[in-house]
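A.B. asks: Just so you know, the sequences run in chain order A and B. Quick note: the first sequence uses our numbering, first residue 566, plus one each step. Quick note: the second sequence uses our numbering, first residue 134, plus one each step.
If you are wondering where the hints come from, they were derived from the structure by calculation, not from laboratory data. All the given hints hold, so there is nothing to weed out.
Label-pair restraints from in silico Cβ distances:
1. B:Ile1190 x A:Thr796: 25 to 33 Å
2. A:Ser862 x B:Val474: 51 to 59 Å
3. B:Leu1194 x A:Asn760: 51 to 59 Å
Result set (DSS-like, lysine-lysine): computed pairs, CA atoms no more than 27 Å apart in a straight line:
4. A:Lys726 x A:Lys736
5. B:Lys243 x B:Lys418
6. B:Lys253 x B:Lys243
7. B:Lys390 x B:Lys358
8. B:Lys812 x B:Lys1250
9. B:Lys699 x B:Lys766
10. B:Lys724 x B:Lys849
11. B:Lys1231 x A:Lys921
12. B:Lys358 x B:Lys323
13. B:Lys849 x B:Lys938
14. B:Lys802 x A:Lys594
15. A:Lys643 x A:Lys851
16. B:Lys1230 x A:Lys921
17. A:Lys723 x A:Lys736
18. B:Lys243 x A:Lys601
19. B:Lys1250 x A:Lys921
20. B:Lys1074 x B:Lys802
21. B:Lys418 x B:Lys944
22. B:Lys323 x B:Lys699
23. B:Lys1074 x A:Lys601
24. A:Lys601 x B:Lys1250
25. B:Lys850 x B:Lys729
26. A:Lys851 x A:Lys765
27. A:Lys594 x B:Lys1074
28. B:Lys243 x B:Lys424
29. B:Lys802 x A:Lys601
30. B:Lys812 x B:Lys802
These numbers come from a predicted model, not from an experiment. Beta carbons are placed, not taken as given, at the ideal position from N, Cα and C, and that holds for glycine.
Here's the letter readout for the chains.
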Amino acid sequence: MMASSYNAKDEDGNITVSGPGGGALRSKKPENTAFKQQRLPAWQPILTAGTVLPAFFGIGLFFIPIGIGLYVTSNNIKELEIDYTGSDMSSPCFNCSQSFSWNSTKPCTCTIPFHLDQPYDSNVFMYYGLSNFYQNHRRYVKSRDDSQLNGDSGSLMKPSKECEPYAYFEKKPIAPCGAIANSMFNDTLELFYNNPNGTKVKIPLTSTGIAWWTDKHVKFRNPGGSNPNFTAVFQGTAKPVNWRRPVYELDSDPENNGFINEDFIVWMRTAALPTFRKLYRIIQKKDDLLPTLPRGSYTLEVVYNYPVRSFEGRKRMILSTISWMGGKNPFLGIAYITVGSVCFFLGVILLIIHHKYGNRSNSADISS
Amino acid sequence: MDFNLLRNIITRYCVGEENWVDSRTVYLGHKEPPPGAEAYIPQRFPDNRIVSSKYTFWNFIPKNLFEQFRRIANFYFLGIFLVQLIIDTPTSPVTSGLPLFFVITVTAIKQGYEDWLRHKADCSLNECPADVVQRGKVVRTQSHKLRVGDIVMVREDETFPCDLILLSSSRPDGTCYVTTTSLDGESSHKTYYAVPDTMAFRTEREVDSLHATIECEQPQPDLYKFVGRISIYRGREEPVARPLGAENLLLRGATLKNTQHIYAVAVYTGMETKMALNYQSKSQKRSAVEKSMNAFLIVYLCILISKAVINTVLKYAWQWSPDRDEPWYNHRTENERQRHVVIRALTDFLAFMVLFNYIIPVSMYVTVEMQKFLGSYFITWDEEMFDEELGEGAQVNTSDLNEELGQVEYVFTDKTGTLTENNMEFIECCVDGNVYIPHAICNGQILSAASSIDMIDSSPGGYRREHEDLFFRALCLCHTVQVKEEVTVDGIKRGLHQGRPTSFYISSSPDEVALVEGMKRLGYTYLRLKDNYMEILNKDDEIERFELLHVLNFDSVRRRMSVIVKSSSGEYLLFCKGADSSIFPRVVSGKVEQVKARVEQNAVEGLRTLCVAYRRLLESEYEEACHHLSEAKLALQDREHRLAQAYDIIERDFVLLGATAVEDRLQEKAADTIESLHKAGMKVWVLTGDKMETAAATCYASKLFRRSTQILELTKKRTEEQSLHDVLFELNRTVLRQCSISGLSIDCLDFGLIIDGATLSAVLKPNQDGTGHSNYREIFLEICRNCSAVLCCRMAPLQKAQIVKLIKASKEHPITLAIGDGANDVSMILEAHVGIGIMGKEGRQAARNSDYAIPKFKHLKKMLLVHGHYYYIRIAELVQYFFYKNVCFIFPQFLYQFFCGFSQQPLYDTAYLTLYNISFTSLPILLYSLVEQHVTVETLKREPVLYRDIAKNSLLRWPVFLYWTCLGVLDAVIFFFGAYFLFDNTTFTSNGQLMTTNTQMMFGNWTFGTLVFTVLVFTVTLKLALDTHHWTWINHFVIWGSLLFYVIFSLLWGGIIWPFLNYQRMYYVFMQMLSSGPAWLSIILLIMISLLPDVVKKVLCRAMCPTATERAQDYEKLLQSGTAELTPLSSCHSYKGTSTDSSHRHLGAVETLSLRRSDPLPQKLLAHLAEGGGADLWPISPYVLRLSGAGFAYYAPGPETSV
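Based on the sequences and whatever the hints tell you, model everything.
C.D. replies: See the structure below:
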């Protein structure tokens, strides 16, 4: 700084008493540009009662109809929820929940009857719901290896450290590794329609199309590319400890097996909150004339594999139709209506204030 | 520069003890002194290499890093980064490492580049050629090879390569002329002298034969002080010792002028030159905003720590049951399990700290610094602060204090050269009560005729005649004016035109020039100083020669100067001129009463007066004086003090001759500026060395005191009558009584206080007996607090600083500003919070030491009222906004911990955490803080009252801070729970909406975070948009651009499987979110809800209790719509109607502001404006404003339109 500063001025010694002028001097004069003189043309809005009023009324008028629309849509969605945890003595699943052990080979099945008061039109979505299950726990969230799931053969045999303590089992790498995969939901849910004539009709459940397209086709890939011989591909790996079958036996369909099994993909997208539901199956509408699920009584058959009692969790099965705005959620509609009304109300208050104070100051102006 | 200090210390340490002594010995030409003299100890001095660079190639990285991490903020982030590296934390080290790396790298590159420039500059300096005399020949070498003791030859217009003692010059009288423009900015030629004994050594051979040693003090930075002694050996004789002073020392950086060449010996080289020592950094001033920023930071640090503690405690409370701690689906690793619980808790605490650390933003420091650095350019670019005459605009020396300009409460101003032009004009002189007034210059004609001389005393006896002669001679002789001859203009010697060479006078003091010029007009022309003889052309066109024996220089303590001359008749005369207070006590005879009366009369008129006295010295008296002087001059230590003593002995028993009066006109618009400062709520103090009457007159002229002002006097005259104690108490009572009355009535009488230096020091003197009398200081401050204007006269430079310090330390801790132009103001400029230098005629010392330098006093108005105001609101918003946006950012993460089992799970993705502060939200606020103008420049200038709105750091006080923080927390709660309820409604506790009819997607935790983050970025940016009152195209570009950038970045970030990442959690998350209708709806809804409270608050406050600023904004709006109305129809008739109408409204608005102008605009100008039409109104206004100053408002109603 020192050297540069006296370099800059060194030859100014000639200026003595002479008047203004000299090229060197003129160049010091700042440029007269709008930016440098802080005179850029600008729009200068001010938030006053007067200017904000129309906006408030506008928001009110705009939000209230949207809110009503949302609320009505949400209310039209039909939803049914069945808790099958079996913590109650009266519950059909009580026995299954009590006698649970990881090692048992015999599946425990329970049957829950229920009744639909209204027919379910259009596609019906079937969810399972878990409560008090911390899928968003930090240790849990990071316990996965995305490159293994993306079909990287290196990671398949050498899972990431993040998967610990679910990375190796008896010195063999676990595929898929990590706590998330290890704790995959493994209850089997089946629906039966109890025909009034006494027969039980199994309702066909579609198990594809429930995961994000990009997850299924890009993010998750089986190792070995299109090699259909999964046994060979997964040679040398171990199944996750809590699983009953290895990953390549999740489904018979090769397009829905291994890492690209959609149940698995859905499970791998960790939920944001400890109480959550995940899409399980879709009941496709077949006939335009008949409802997908007619009124009547149904049976839910559960193969009870998933223990939740230890952490006081609950398990649920949910049936729901959907609308253009998704599933049943009156919150958004109510919120829109509330905000719209508040804005409208504030608008009225502001109008009064504007009238009162604005007038007062105006009149004061003139009288002076 | 502490590195240099270190370097010096090390060099000294290595060299050994002898360098620690107070003086150094320099051997000319490295020749040993003859035997018998003291032993030759070759001392080692640093070479002449200038090192201004801080780093070398090798130490750049470690040293720069060390310096950067010394800053507490950087260290904090480094700590966070290290914690992230060491323990397992929720966010990757990248999140804090990358911003830190970015900040450090940018700073390092900037500093490295600057240092490289310095290296280059050093190099070119060190390698520039220098001529050294070696073995009787001139040898050209490089500048850095010079050593102490080398004899150097310097040619005309060359710069001195190091500090040199002048030995001889090409001029026969052994003088040379030098300009020190690059050192202190003074462009006048200064004369330096060679010691008479070495003057004769004219050629390099002769110089080389010179055998001498120089003893001088160790290097010190004062440019104007030097003491030394040269001993010249002549064969076997006793060496001759001569004193050396600052007039013998040629400083590095100065340039040789009007002299062909000189020979000189190097005494200080390289980093020991006075110039190098002077570039040491000044003490750092910190602004009030910075202080409150630090206070806020501490609060946030506390919030951060308490958040972390709360979460850690809750975590352990929550996971008390093992099923929560380690449910079957989520086991720990064996390693973690074995860790001790205390270590685990500590790790958890640190992890929470890391998770929430973004609440203290690393980028705030960078942004604040960039804002200050870039923002200060607007000051230097300001065309209105450019002075054509001087050819310079405002300068910013410290950009750290920009916002402090908007906080000033006390203005301390110098009078001469600051309030006044410092352009002196000789008005009159009075000899023994007879007044002489020179007329316009009439070609050297003597104008002592009756018309021009007001005879008061009509007895022109011989005595009077003699005094008159002595008086004029005294003024012609007693000065330090130089005569500059033959200035070349465009290559033609002006002198040739007029037949004989013209000359003009140069001096560092404009008073002296005015006096000498005044004498010329009265018939006595000072011709020149030649060979120690001063030549005067007297009334009768005869040349009189006086031998100049001694000059007893002026200093501000003595406040006088003297010369001792020997007239051609052999008489020894001592002439003295100085302030009346320093002359009268030393006068023994003369017409004291008459002169005193005249002096006082002149002072009341605001003229600067000087008294002239003389004393005839006998031969013996002269010898004695000589003895005193030479003894004092030869002293190596305490020379100043001993000289002062000697002067005191010599300057006594005067005969009073008369007095002079010089006028110093007020600077242009000084009164208007002071009035504006008063209106802006600032207290203006004038600190001057002048007489009380002169100063008071200036104060009245500059409207510091008005006719209505009640003047309180606290002067020596008064304290002589009463005791200081009584006077103080009486004044205090007056002030308090008035204030209690004024509490009831509206118009408060304003007080003005006049205090002089002597009384001030009495007031400030600490009480010996701690009991009894209460502290005067407090009473004095109490009085001052109630005075709108204070005049302190008869101030010594140090007292000026004392006053500033006193006010600074008073219990309100007001922000002070000192403004001055001369060297005597430097102390107060350095002491005040903000120091402003005026680029005046008395050199550049004040400007160099100031934080800001402006060409004229009137520029202070724009500096404070416009720039200061803008900077303050800009930086206040910047600071508050930064804290706000980080609360909004981090609080949702805090809330999320309650829903994820306190597991430190971050809500947002790493990329968002990293980029939030450095790219998504940084530019809009930076730009806001550079260009925001909440009201226009014109309004600010017109309504100084608006300055009161921001007084006392009003935008950064705790309530405001609390409001912003609460707003941030509220918004964060809205973001988080809005998203929460969207994901999880009360009737059906569920997660995973089916978003569209054809694709049924589940949303996970990252979508949740992204939704919150999107709402956050939009809300925070739009909040700033709502606060912006000045939308230029750049604002539009940056605000919408940064939102767009966020969207594009998110699309890109989620659009690709990033091969270098080991997780792909963001893959398609953003797109999936945007493809669902409810997400859009909820984003819009949440943004609305978050912005609503602030908008409502703003609107209500504005409607219910508007501040002056808000009224001014409304008023501007009215004005704009008014002009808009005018635009379509410019016919005179229709204009009249609207104009009357709008001026009613305008008037009303002005009234509400209580800003009504007393002087309405001339009707003509208004009509002119009317013809110009509305469209032209705006462009015209700045021009018109310049015409009539801020006292003008073009909307002011004409007589018949006013009601």
